[in-house]
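I would like the entire structure built from these sequences, with the hints used as guidance.
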Amino acid sequence: MRTILFCILCFTSLTVRALQPPIPLVVYAYESLVGEGTLGALLKSEYESRYQSPIILVPFGSAGEALNRVRTENKVNPSNGRADVVLGLDSTDSGVDDESIWEPIEDGLKVNIPAALNFSRYCLPFDHSYLAILYHHKMWKNKPPLKSLTELVSRSDLKKSLVIQDPRTSSIGFSLLLWARSALGPEKSTEFWKGLTPTLVSVSPGWSSGYGMFLKNESAMVSSYLTSVAYHRENESGSDIDAFIFPEGHYHQIECAAVLKTSPRKEAAMNFLKLLVDPKIQSQLPKLQWMFPVLSTVKLPDSFKNLPSVKPLSLMATTAEKKAWLNEWKRNVR
Amino acid sequence: MEAKRPIISPKTLSVLLSAAVLFPVFVYPLGRFIFQDGTSAWSNEGLWEWFSDHGLVDILVFTYSQAILSTLLSAGLGIWVAVLITENSKVWWARLLWSFSQVGFSLPAILYVLAYLSVWGRSGVIGSWLLGSFQEFNPYGWTGILVAHTFFNFPVFVRIVGLALLERNQQEEKAALSLGASRWIVFRTMTLRKGWAAIRESSALSFLYCSSSFLVVLLLGGGPRFTTIEVAIYESIKMNFDVGAASLLAGCHLLVFSLLYLSLSPSKRDVNRFSGEERMKLITFRPSIRRIHTVLMLFVVMMIAGLPLLTLVASILPHWNQLPWALIGWATSITVCLAVVSGVIATILSFCVAYLGYTTSSLKVRRMISLLSSLPVGISTILSSAALWHAYPRVVDHFAFSFFAIAVLQAIGSLPLLNRIFEVAFSRIAKSWRWTARSLGASEWQLLLTLEVPLMARSFLLALVWGVAFSLGEVGCVLVFLSDHMTTLGLEVFRMMGRYDFVGANVIGVWLLALMMVLYAVFARLEDEVQWRST
Amino acid sequence: MALNLNGLSYQIGSFCLTQKDPISLPKGKMIWVRGASGSGKSTLLQGLAGFIVAKSGSVQLDSVDLTHLPAERRRVALVFQEAALFPHLTVEENVEYGLRVLGLPRHDRQTRSQRILKDLEISELANRYPQEISGGQAHRVSLARSAIMDYPVLLLDEPFAALQVSLRAQLTDWLFHEAERKGWHVLVASHDPLDSTRVAHQILVENGSFSMTN
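Chains as they are written, first to last, in the numbering used here: chain A, 1 to 334; chain H, 1 to 535; chain E, 1 to 214.
These are calculated hints, taken from the structure and not from any lab test.
Be careful, since some hints might not be right.
Unchecked claim - Below, computed lysine-lysine pairings styled on BS3-like, alpha-carbon distance capped at 25 Å: (1) A:Lys194 x A:Lys160; (2) E:Lys55 x H:Lys364; (3) E:Lys55 x H:Lys431; (4) A:Lys216 x A:Lys160; (5) A:Lys216 x A:Lys141; (6) A:Lys323 x A:Lys110.
Structure follows, in structure tokens:
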């Protein structure tokens, strides 16, 4: 009798265990990556069909917010975190190299990715682009093209013609700050920011509000990504938007994903990362993200092919440097 | 036969319901977030660092000076519109303006800003001409901020002051006129005086919203000198993850707001009691002066609100058929369901809070209740959203939890506005009615259910519609507990912009506007029964 | 069943109303509470009804101490000067209000309300709303609403101030007979004199105090 009961108990617990739904993979991502028609949606459907396992995409206002959330969760429960992957970190996020947070990425995942894009052993890049100053041909008229960042300050014919993003509230804004610093050096970048005010129309809180103003012809120029030009070439006939190319170089922004050290589902998380650099996903990425894919073997859409090559600049900031440079920016840009 | 004694009184139930919502949503998460994560900025070194390095004084000066100026302008336009609407309550344009002036409550700020720039921007329809004629014209900076804030806040005055003006007893004004007082003196000394409590409350609310401004200030200000406390808190939390600094800033703001709110809240009982007498047409200005005022007022409203919104609508007409309608259908259904649930919760919650104030004899306690009900809006949404994430991280794992959590947050956001509807409604219940009912044996519950609630039935409907309206275009609360499958129309506006689809964002914005118009038409219909017919 | 008032004192703001001597009011009689405008007649009635807390003293009805009972449990009906009809209810519903609160079945409520409306000659107003009737009619409805409760104490605050003389006399008569028949204590506050043949006693309110005069 006891044996029978024991067998029933075992059978029941095994059945219940088998019937329990698989634990989902939790991915933190910035808001634009979540929702219908986004890279996140594509990854989710592909992952779930390939691995028969669910994913929860948790949206945040920015990757920085997701990172802050992860830091707090780690403090509260260091041994058993909730999130497995953070998608959409970039080279401006201080903390991407924090070994206490992230799991090192297997070398095997980075095989087909150019070395120049591998800026961290903890973060797998999945797309990249370059910061650029975009402009309307119509509004630029016959003015000579811009050749460097310093011309934004030195030229007198550029008053009230540029919209930039606020580095305090947007990562692209901070990228611009890093671009100035890496292209011009610390002292000249200070002079740059001090002299930029007459050129500025507005300092927008984020990319979309600033770009919206640019599209409404409120400004002749806007700081954005080089690949934004590709969007207009692809979707608009006779687009008059183009980008100035500076010989001194353009800030190279690389987006990546990372696995948390506290993740209880590391294998599933690595599978997710593997999918991120899968040729099938990478080939669709340009028209979803309007960024360059990391796989050099991927065929780019025509709108991307004609984009000029640029000299990449990179600079990363620690948390303390970020704070100090932001304070300096606030003092210099009035 | 005697009425049975209740197990729990309506007042106790109101306290419990209010606490049940407000404690877990604000007191607990904020307390835990701030005290758990340390208070590094609260030490002497921390405070000194803030004052010297971060320009705290500059931030505070700008925050409150722009809030005061914005409030003054909003008050000026809002009271002007309210007076003229109540003067011409039966005329079609007055009814239209009364119904649609509150579009500002629901419209996402980014849509208005871009629409404003379409008219007044450097390349705008009127702005480009002004720039050509007057080199000094600048739609940005202080001008842009003040105009945008006026658009979003003048409806607060129109509604609250307008209600007070409609409900006052006009016998006194007629008596003054018959004694030889000029119309201007009657207006200044009687009409405005009677609406003064409403003006002060509206000013406190408007100040609150303006001082918490984020996107408008950044986008139209253009530069770090246009930094409000909200921007500084955003930087602390999201960029530096400095909870201590963020809580210090939020604490400063809360202190200033509380002091201002207490000084502006009514210091004596509202004299605008409805005595059940027939309402009469307001008599203040001579017809010719009234006409000039009306035209001028309509012109100003058109310039600030009408034209920008019309250009927004006009911009999308060629692209109307290019939208992903399946997505919009899903977003619309979530938006409407969320708005209805949020509206119901907001109505119940604000009724409970107003009831607590109504049944409290101490004026000090009533003012504190009113202040506490506004505090959730006064605390930085960035700080409170961060606190809520940390307190309830698993909420977003489940669609239903996420949905309900967002609805509760939105309900709390509309609390100060809806509270006012019920305060006015309670003030319309004559003391003699309550005492008569009690002398006939009615218990507290019977008084509430057979007298007070039926008399306020239409106010419930008005509060519900207003709560729904507040939720429709709201995005901040949605982002706090947004789960995987959820989207709303307001959110889709931002998402589309993030994907370069600005035309799509505008189309959704216009669709949202159309939804609001339908809702406000329903609202107007309900209000017909409240304000233009005797009860 | 006597209504006994002993050492009562009420305070509203800076105004204080104090009882001079003990008062014992017999049942079935009409008592005139008289005094000039602003003397405190309303304060006295509101205090007896339980809407103003007594600073001192007691109110006893047949040895039941009403002093600290809330208004809704005193079985003391108060009729206001302004009629105070509930605007969202018809005349009939107004009259039935107290019975509905008590939980009486609908049929009983209707029977009693129809009877009293007939007594006061306002049956034809049953389905109208308060906004649709005259001031005099409203006062009769208000009276009916309180009288239908058959409470031992009925307080009326300036009930006839706005009424024509003939209607005043009619209602006074009706009150007198009902009070006698049902054993009510009816206190009528009025600065105008009531028919002396109907009034058993007077309470004079003046200079911040009140006492029985005869």
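Do the hints match the structure? See the list:
no. : hint                : in the structure
1   : A:Lys194 x A:Lys160 : holds, 15 Å
2   : E:Lys55 x H:Lys364  : holds, 23 Å
3   : E:Lys55 x H:Lys431  : holds, 22 Å
4   : A:Lys216 x A:Lys160 : holds, 15 Å
5   : A:Lys216 x A:Lys141 : holds, 17 Å
6   : A:Lys323 x A:Lys110 : violated, 32 Å
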